[in-house]
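Model the full structure from these sequences, guided by the hints.
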Amino acid sequence: DIQMTQSPPSLSASLGDKVTITCQASQNINKYIAWYQQKPGKAPRQLIRYTSTLVSGTPSRFSGSGSGRDYSFSISNVESEDIASYYCLQYDNLPYTFGAGTKLELK
Amino acid sequence: EVQLVESGGGLVQPGRSLKLSCAASGFTFSNYGMAWVRQTPTKGLEWVASISTGGGNTYYRDSVKGRFTISRDNAKNTQYLQMDSLRSEDTATYYCARLGATFDYWGQGVMVTVSS
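One line per chain: the protein sequences are A and B, in this order.
Take the first sequence: its letters are residues 1 to 107, numbered as in this note's numbering.
Take the second sequence: its letters are residues 1001 to 1116, numbered as in this note's numbering.
Keep in mind that the hints were calculated from the coordinates and are not lab data.
Glycine included, C-beta positions come from ideal geometry on N, C-alpha and C.
Misleading hints may appear alongside valid ones.
[Stated by the list, open to error] From the derived model, a few chain A residues whose C-beta atoms are all more than 10 Å from chain B:
1. K18
2. S26
3. S65
[To be verified] Simulated pairs of lysine-lysine, BS3-like, Cα-Cα distance not exceeding 25 Å:
4. A:K18 <-> B:K1043
5. A:K31 <-> A:K107
6. B:K1076 <-> B:K1019
7. A:K42 <-> A:K107
8. A:K18 <-> A:K31
9. A:K103 <-> A:K18
10. A:K18 <-> A:K39
11. B:K1043 <-> A:K103
12. A:K39 <-> B:K1043
13. A:K42 <-> A:K103
14. A:K42 <-> B:K1019
[Claimed, not checked] With the Cβ distance kept under 7 Å, some of the chain A side facing chain B (calculated, not the full set):
15. A34
16. P40
17. P44
18. Q46
19. R49
20. A84
21. Y87
22. Y91
23. L94
24. P95
25. Y96
26. F98
27. A100
Here's what the structure looks like:
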């Protein structure tokens, strides 16, 4: 199984900050990484697929990059509605595997 | 609007069975693979099983192989997860998800608790 090491586990930011989350795969995942946002009591919502493609409805302040084993996800100009947990997902190989998550909180 | 609505969760004793359903609407169900993903506070998000558009191909994580069966009825726009020989470690919120390139739409989730 491919392990996804996501960091940091938690992040504290002020409104307007830029934050970055990273995921490192245990092997090359050929850019097949997606990023999800989850708010308490809700299902995850897809934001980005294939490393950097924003899905419909994702604000442009979200972005993703990376290749090989190393990937990052950023939010520029954090807004209050961005307070949530974020997860990466590799879908290069079964079993698809998620990172452990990053909880974004307001400073 | 894509909607996925799970049902069938609840409290069940270890070793017993439970069947989850996921009713889909707002898209052509037969054109998409489907999946189940579960979440616990300790293990996080875990892919459980997937099924191809026609149901002929199914895939499972190792820990549920031989115990869980994913299926679908394209005439009813519904997918299912039959869970047998349930264990305490299967306790989780189970989400139904549509397989676009990835899990692109999710249901609201249904709780399954395995406990005596």
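Hint check: 7 Å Cβ-Cβ cutoff, A100 of chain A to chain B: holds (5 Å)
Agreement of K18 of chain A and K31 of chain A with the hint, judged by alpha carbon distance not exceeding 25 Å: holds (23 Å)
Supplied contact hint for Y87 of chain A, tested at 7 Å Cβ to chain B: holds (6 Å)
K18 of chain A paired with K39 of chain A [C-alpha distance capped at 25 Å]: holds (19 Å)
Exclusion check [K18 of chain A not at the chain B interface, CB over 10 Å]: holds (25 Å)
Proposed interface contact between A84 of chain A and chain B, which counts if any beta carbon pair is under 7 Å: violated (14 Å)
Hint check: 7 Å Cβ-Cβ cutoff, R49 of chain A to chain B: It holds, given that the least Cβ distance between R49 of chain A and chain B is near 5 Å, below 7 Å.
Proposed interface contact between Y96 of chain A and chain B, which counts if any beta carbon pair is under 7 Å: holds (4 Å)
Restraint satisfaction for A34 of chain A [CB to CB of chain B, less than 7 Å]: For A34 of chain A, the interface hint holds, since the closest Cβ of chain B sits about 4 Å away, which is under 7 Å.
Status of the hint placing Y91 of chain A at chain B (closest C-beta pair under 7 Å): holds (5 Å)
Per-residue hint verdict: P95 of chain A, partner chain B, C-beta under 7 Å: Holds, about 5 Å.
Agreement of K42 of chain A and K1019 of chain B with the hint, judged by alpha carbon distance not exceeding 25 Å: holds (22 Å)
When the structure is compared with the earlier hints, violations turn up for hints 4, 5, 16, 20 and for no others.
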